[in-house]
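Trainee: This is what each chain is made of:
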Amino acid sequence: MSTFKIFDIAGSALSAQSLRLNTVASNLANADAVSGDPTKVYKARMPVFRAEPGTEGSATAGVQVLGVVESQAEAQKRYEPGHPLADAQGYVYAPNVNTVEEMVNMISASRAYQGSVEVMNTAKDLALRTLNLGK
Amino acid sequence: MSGLDSLFGVHPAALEFQRQRMEVLASNIANADTPGYQAKDLDFNKVLQQAAQNAAAPAAANASSALTHPAHIPLEGGISQDMQKAATVYRVATQPSVDGNTVDVQTEQAAYAESALHYQASMSFIDYRLKSLMTAITGN
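First to last, the sequence lines map onto chains A and B. The letter at position 133 of the first sequence is residue 133 when you use the numbering used here, and the numbering goes up by one with no holes. The letter at position 105 of the second sequence is residue 105 when you use the numbering used here, and the numbering goes up by one with no holes.
Because the hints were derived from the structure by calculation, they are not lab data. Cβ atoms here follow ideal geometry from the backbone N, Cα and C, with glycine treated the same way. Do not take every clue at face value.
[What the hints assert, rightly or not] Partial selection, computed: residues in chain B whose CB lies under 8 Å from chain A:
| hint | residue |
| --- | --- |
| 1 | MET22 |
| 2 | VAL24 |
| 3 | ALA26 |
| 4 | ALA32 |
| 5 | GLN49 |
| 6 | ALA51 |
| 7 | ASP82 |
| 8 | GLN84 |
| 9 | ALA86 |
| 10 | GLN109 |
| 11 | GLN120 |
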């Protein structure tokens with residue numbers, strides 16, 4: 001019996017979305033971590049999702065995190081000669097984190113997480129009711 | 001076995017179908033943010049047609065479950081992998097997105113709730129049947 005397949009599928013979504021929330025937290029936490037070197041400054045991270053491999057022919061598929069990639073957008077250059085980390089020209093480099101984008105990502109991840117929790121709850125209720133048949 | 005089957009009618013098969021449909025819908029919700037993922041659903045009409053065909057030709061229906069012992073009971077009224085594959089349809093995207101994902105979470109959640117309700121309805125029917133059976137056995 002594959003009654004618990006729903007739990008596997010929704011569980012994979014929960015772990016994927018919580019990883020997405022983690023990257024959002026990391027990006028927001030480091031949004032102001034400036035550096036004097038544009039190559040060493042923090043870069044925004046984001047997870048890449050894909051449907052679980054090996055399930056192409058089948059109707060059901062969980063979600064898998066392929067990996068976490070770094071945004072290739074350019075670091076924000078700011079002229080702050082008084083900053084202790086400023087380079088010889090007086091510039092500091094702020095991470096390429098777009099705070100608005102991260103907030104949107106956070107809401108989207110949180111809604112998707114809630115949706116999967118609801119799926120699990122319903123499946124659990126039905127499974128319990130099936131166990132209690134005839135009682 | 002067959003006596004109990006006739007007692008419960010279509011409901012065991014209905015439970016099986018709704019469970020499979022809920023798995024498909026759960027996959028859609030899980031992959032709501034996966035680029036290129038195409039939302040799927042199970043078409044009840046197609047499953048019904050398949051089941052009617054299998055009922056007309058019982059040998060074909062049992063081909064998927066191998067009986068390796070004379071005491072084995074053949075599977076009846078179930079939905080085989082082949083049937084599920086034939087009944088799988090792709091959803092037409094109401095709001096297509098740039099990344100090729102066709103999941104509309106609201107639609108999927110509504111379909112999931114509907115499927116869960118059908119599941120509960122079938123379960124209630126089975127429950128009532130079991131209770132009347134208990135009444136017949138215990139006499140009170």
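Trainee: None of the hints should be skipped; say for each whether it holds.
Mentor: Here is what the structure says about each hint:
For B:MET22, the interface hint holds, the least distance from its beta-carbon to any beta-carbon of chain A being 6 Å, beneath 8 Å. For B:VAL24, the interface hint holds, since its Cβ comes within 8 Å of a Cβ in chain A; the closest pair sits about 5 Å apart. At about 5 Å, the closest approach between the beta carbon of B:ALA26 and any beta carbon in chain A falls short of 8 Å, and the interface hint on this residue holds. A hinted interface residue such as B:ALA32 counts as satisfied when its beta carbon comes closer than 8 Å to some beta carbon of chain A; here the least separation is about 5 Å, so the hint holds.
The interface hint given for B:GLN49 is violated, since its Cβ lies 17 Å from the closest Cβ of chain A, which is over the 8 Å cut-off. Here the hint on B:ALA51 is broken, as its CB sits about 17 Å from the closest CB of chain A, past 8 Å. Among the interface hints, the one on B:ASP82 is violated; its C-beta lies about 11 Å from the nearest C-beta in chain A, farther than the 8 Å criterion. Taken as an interface hint, B:GLN84 checks out: its beta carbon lies about 6 Å from the nearest beta carbon of chain A, inside 8 Å.
For the restraint placing B:ALA86 at the interface with chain A, the shortest Cβ-Cβ distance is roughly 11 Å, beyond the 8 Å limit, so the hint is violated. For B:GLN109, the suggested interface contact is upheld, since its CB lies about 6 Å from the closest CB of chain A, less than 8 Å. A hinted interface residue such as B:GLN120 counts as satisfied when its beta carbon comes closer than 8 Å to some beta carbon of chain A; here the least separation is about 7 Å, so the hint holds.
Consistency note: the structure conflicts with the earlier hints numbered 5, 6, 7 and 9.
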